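Engineer: Chains as they are written, first to last, in full-length UniProt numbering: chain A, 1 to 352; chain B, 1 to 352; chain C, 1 to 352; chain D, 1 to 352.
Check before you lean on any hint, since a few could be wrong.
Here are the simulated lysine-lysine pairs, PhoX-like style, with alpha carbons at most 20 Å apart [what the hints assert, rightly or not]:
id	chain 1	residue 1	chain 2	residue 2
1	C	K307	B	K194
2	B	K233	A	K307
3	B	K106	B	K127
4	D	K307	C	K307
5	B	K194	B	K3
6	D	K194	D	K5
7	A	K307	B	K28
8	B	K5	B	K28
9	A	K194	D	K194
10	D	K307	C	K113
11	C	K233	D	K307
12	B	K165	B	K113
13	C	K307	D	K5
14	B	K233	A	K113
15	C	K165	C	K113
16	B	K92	B	K165
17	A	K233	B	K307
Keep in mind that the hints were calculated from the coordinates and are not lab data. As the structure is a computational prediction, the values presented were derived from the model and not from experiment.
4 protein chains.
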Amino acid sequence: MKKIKVGIVGGSGYTGIELLRLLAQHPKAEIVTITGRKDAGTHVAKMFPNLRGRLDLTFCDPSEAPLDQCDVVFFATPHGVAMSMARELTAKGVKVIDLAADFRIKDTEVFSKWYKMEHSCPDLLAKAVYGQPETMREQMKKADILGMAGCYPTTIELGLMPLLKLHSAEKDIVNLNVSIIADSKSGISGAGRKADVSLICAEAADNFKAYGVGGHRHEPEMVQQLSEFAGEKVPLTFIPHLLPTIRGIFSTIYVRLTEKGTGVDFQSLYENAYRDEPFVDVLPTGSLPETRSVRGSNMVRIALYRKEPDLLVILVVEDNLVKGSAGQSVQAMNLLMGLPESTGLDQIALMP
Amino acid sequence: MKKIKVGIVGGSGYTGIELLRLLAQHPKAEIVTITGRKDAGTHVAKMFPNLRGRLDLTFCDPSEAPLDQCDVVFFATPHGVAMSMARELTAKGVKVIDLAADFRIKDTEVFSKWYKMEHSCPDLLAKAVYGQPETMREQMKKADILGMAGCYPTTIELGLMPLLKLHSAEKDIVNLNVSIIADSKSGISGAGRKADVSLICAEAADNFKAYGVGGHRHEPEMVQQLSEFAGEKVPLTFIPHLLPTIRGIFSTIYVRLTEKGTGVDFQSLYENAYRDEPFVDVLPTGSLPETRSVRGSNMVRIALYRKEPDLLVILVVEDNLVKGSAGQSVQAMNLLMGLPESTGLDQIALMP
Amino acid sequence: MKKIKVGIVGGSGYTGIELLRLLAQHPKAEIVTITGRKDAGTHVAKMFPNLRGRLDLTFCDPSEAPLDQCDVVFFATPHGVAMSMARELTAKGVKVIDLAADFRIKDTEVFSKWYKMEHSCPDLLAKAVYGQPETMREQMKKADILGMAGCYPTTIELGLMPLLKLHSAEKDIVNLNVSIIADSKSGISGAGRKADVSLICAEAADNFKAYGVGGHRHEPEMVQQLSEFAGEKVPLTFIPHLLPTIRGIFSTIYVRLTEKGTGVDFQSLYENAYRDEPFVDVLPTGSLPETRSVRGSNMVRIALYRKEPDLLVILVVEDNLVKGSAGQSVQAMNLLMGLPESTGLDQIALMP
Amino acid sequence: MKKIKVGIVGGSGYTGIELLRLLAQHPKAEIVTITGRKDAGTHVAKMFPNLRGRLDLTFCDPSEAPLDQCDVVFFATPHGVAMSMARELTAKGVKVIDLAADFRIKDTEVFSKWYKMEHSCPDLLAKAVYGQPETMREQMKKADILGMAGCYPTTIELGLMPLLKLHSAEKDIVNLNVSIIADSKSGISGAGRKADVSLICAEAADNFKAYGVGGHRHEPEMVQQLSEFAGEKVPLTFIPHLLPTIRGIFSTIYVRLTEKGTGVDFQSLYENAYRDEPFVDVLPTGSLPETRSVRGSNMVRIALYRKEPDLLVILVVEDNLVKGSAGQSVQAMNLLMGLPESTGLDQIALMP
């Protein structure tokens, strides 16, 4: 089989370098071009020395990148870039996988409110598919544009999907009179590779804090997907915190059950729901997931606890840069290109 | 004024060394003796080199320690030790301050269930006072035995006291049909100075996990105190997590309000409640507390957020070894001895 | 080709788990058995959850392990174990790869002095080969027993080999009247997976210290190999330090040159020496290696600086658990079994 | 006694905040004004929440700060600022303590070469005194301007002073035909509070690297002082490394001895030299200093090892922000103002 020709727009951030790491080991993909306006002319291995000897590639100016000769183009860019280039690329038959938020939120008003920009191509948005393979697989296969799920949303959507689908099917399982609470903690790479005083080691190491308590951009995306699962509007309270780790998201999710809901065997429900998924691991009863158990891998691990009769606590871990971003995007590429979904994604978590 | 004569039983753990650090700087206290069975004969500065030149003290065998000549004896020991020595000491007029759990829980059956031992002196327990100055000041002043509050409980009790006292006074402020949720995160020193594979750096650094999800010993103590504030039983869900920091606890507390409760100005309520407290800092609206802002100091900082009309989110930080243990115990000693409560506790947090 | 049958003795430490991680991804090897006396009956994925779904293997008691049916047996054990089992295994044609020190040091008196035990099979030791592929490749290919290089020694031997071989060939390049100084820093996983108070996070995180200043067990092994390269006794001063990182060794090596030596182009010397090596990367002039650039990979990266005319400073990084131990051992297995040396070792360092 | 009136120019960096922490606890000093051009109007506690309730002070524009009404003005500014303001201040009788490099290096050409700027007041520089109390006490007492020692230099100068003074007195103790090697490691706060990608946690945590290998600005200052001690030019090789800790410097110093030098009892030499110093602690033979043993305190701890007959290894730790900068500057202020040198500097290191 000929290799898939891949282009990357904006490869100098953490999702970019992670795409490079994964694609450099992918047996069926070949990176044809990578853009980086400020870094044009720089060899990728100069910026990311882990790639020395593994990838012979130089950042090029976006205007000179042969993106239209690619089969797939990943956008590892700030919000707003993918939407400005998607029309031209898809017109030429190039699949677009956006790791930013341009194609995640269906409601353009909601998008504008949270991302402070107008959506420039609502028609493409309408056809684009939300990129989360375990919950949107069939729709994704036929898409031309994927708006990949955010890092936090991946943990919370996978953590809640079986439960909310049951609620949708059987009604009255989750008590939606009170919001579902997601208390999430993310390693610092989630904030990106940027010069920001609040992110430097002397500020952020040996420290812990909440942020975005007043509202976080990942909320509308999560409410959209969770409500889709549940068949009704799902109220969600989301409080993100900043962990002094490099990678890793840990979401502690609190769900109030109805009386009917208290009778469900959630352990079995989840094990069945994810039985055939290569990247979702439902831990045995009593297990405690750790972020390091997924470090560098595309796995999500989930544990379930019943605290009081009416309270289900769901613990979910992922590597925010892999399953939360670049890895899930490679998984999506595999899906789009008809490859086995786990191709090139067999990295085992680095532990210790 | 003559200096207070202080004894420390079991000084080789983290609460012990923190007592040493604080008392070595205390202008009105003098450490007369420190016990350490295994370490008898060892100079404290040999074990804790930060004390070199600051404290000329040698661990002595408990059987040889002149504890009965002290004004106050701190127990920085495993659970069960203080109760075995309290009768003899208090009979001689020595005040006992236990940093462990022997005198925290009034119900001996509850104590036995969680700590897997019988209580050996229920009569003393009945007279002992729970040691948390901001909520129990007047009772503490007259006590002979103080069972100092645990590290997590201090954050959660201070984070909820004004609210629950209002609920007690005005009724129907907090919706107690659903449990209050406390999602807490603790730095690793909270697990103590012990040889345990799960605590070594290669396991616990760059990692995050929950633990004690099935039930944690601090729960009964918190329910006891919170219910006392509220005037009725307060249901609490407590999920502790292990942070890869050395010190610091961060509690994110979720409280459902009644319709009446949604009308309360909680910011003012808390500012008024803690206005005169030297060690409780209610942050201005919109602030985000960080664990480093209290590192090494006896401060607790609290921020309040209203997420939905009926959900109050309370963020609380403390240094688990200071306000969560040794510092609060020195504060308690000051109270018992009639000193200004903040004597010797003016350390400013180490930041960065 | 049939898969290589691999046995692992003592798989519950960090070199053991790292062997599991690497071998689980090795296309030509199959782990047949893993021993663990204390952990017999435990599934490896229960201890190391990163292996869930990737390796279906249970620790078995050493007495029941079918080690003699393996092609290769790795010893990830404390010193002294491999030598007790090597005779029986090699007699049955099983290749022995010892990650500990039993077969590193040729002089049994030196071995006894540093490791506090008699060598039980000096005849096997005499035939065993020191396991460091880049410097001992040809001898290794024919060996039955490999005593794999230690973690620190790998950095220092690779950092000095081209220079000392030149010295051997041309004489009078290095001033050996003064010792070569190796100031090395190791991440904490180098101390092993053991319950030791000095290794717990609250002690070792946010801290830095030297250790073994009076003498470290890796010294005799290094002097043996360096002297072999140089054709004369090489005096070495080795000061190890403990880094608050999980993985990674950084060695800063200071070499005094003779006047003749100052004329050498060391950059070219090293680039030529390692041109064809897949796992040794000589960085361009002016580069600064970082431990994270090799995290999780089998690479060594080297940079050279001339500080004064007569002082060469050599900076070397490796991942102590991969190139410093398990990875280099898999590389050795490939060599023994006639596989391309880099089979199964193409992991790219995890960065960030 | 009236309190010393203190001004701080440039208080928003790490040396600034550390001055604030120490001076807020100083019983004899009062901060009158603090400047911060960008931060004018901001309360210091808004930027540094550890100061909430402890310091009621607002950054003011440099043009409006009543610096000339102070007894002492600290410059916690980039290089070049203190020299532009020192003449005016000293003319009005204000003592100037510069934490940057403007008044450290006596040779203006050397200064220009390393700091890329002309010295604007060589006459003041000639009269200024290098600020390192243990080695320059008497000269400092009479100075109007102090150019405080850098963070690395403090460790290396204190680590070598007794030895080099002996060499000066008795000749032929240290073999100065080869350079003294200082392999130093600094916590990341040494790089300052600045927005720099290379300092963010996801880059610098769990990592270790050398930097400034080609030459570091602290070299000329160290050579100047060491040569002063030795009575002859001291060749020095200095290699700094970046530690993934917040605070702390660890210098490993390698000194070659002459044959005569090998006969010296260095342990006694150092213990005698520093016997009366409150902030220099010579550890007992065989001790291993740790950076955490000085975290947050003004102590330097030193250990001495003889590795080979002719090699002395000196290990030195300090907190770079305290003894390496702000603490030593407060110590200098005490000296200038006739106060006991340790006034306000009795913080015990935070351990764990």
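Engineer: Run every hint past the structure and note whether it holds.
Structural biologist: Here's how the hints hold up against the structure:
A threshold of 20 Å between alpha carbons decides the hint, and for C:K307 with B:K194 the separation of about 45 Å lies outside it, so the pair is violated. A distance of roughly 17 Å separates the Cα atoms of B:K233 and A:K307; the hinted pair therefore holds under the 20 Å criterion. A hinted pair counts as satisfied when its Cα atoms are at most 20 Å apart, and B:K106 with B:K127 qualifies at roughly 10 Å. About 23 Å separates the Cα atoms of D:K307 and C:K307, which puts this hinted pair outside 20 Å; it is violated.
Straight-line distance between C-alpha atoms of B:K194 and B:K3 comes to about 33 Å, which puts the hinted pair past the 20 Å bound. Restraint check: the Cα-Cα separation between D:K194 and D:K5 comes to about 29 Å, which exceeds 20 Å; the hinted pair is violated. With a C-alpha separation of about 47 Å, the suggested pairing of A:K307 with B:K28 is violated against the 20 Å cut-off. With a CA separation close to 9 Å, the supplied pair B:K5 and B:K28 stays within the 20 Å bound.
Between the alpha carbons of A:K194 and D:K194 the distance comes to roughly 12 Å, so the proposed pair stays at or under 20 Å and holds. With a CA separation close to 18 Å, the supplied pair D:K307 and C:K113 stays within the 20 Å bound. The suggested pairing of C:K233 with D:K307 holds, with an alpha-carbon distance near 17 Å, which does not exceed 20 Å. The hinted pair formed by B:K165 and B:K113 fails the criterion: a straight-line CA distance of about 29 Å is larger than 20 Å.
Our distance criterion of 20 Å between C-alpha atoms is broken by C:K307 and D:K5, whose separation comes to about 46 Å. With a C-alpha separation of about 42 Å, the suggested pairing of B:K233 with A:K113 is violated against the 20 Å cut-off. Distance hint between C:K165 and C:K113 is unfulfilled; the C-alpha atoms sit about 29 Å from each other, more than 20 Å. With a C-alpha separation of about 37 Å, the suggested pairing of B:K92 with B:K165 is violated against the 20 Å cut-off.
A hinted pair counts as satisfied when its Cα atoms are at most 20 Å apart, and A:K233 with B:K307 qualifies at roughly 17 Å.
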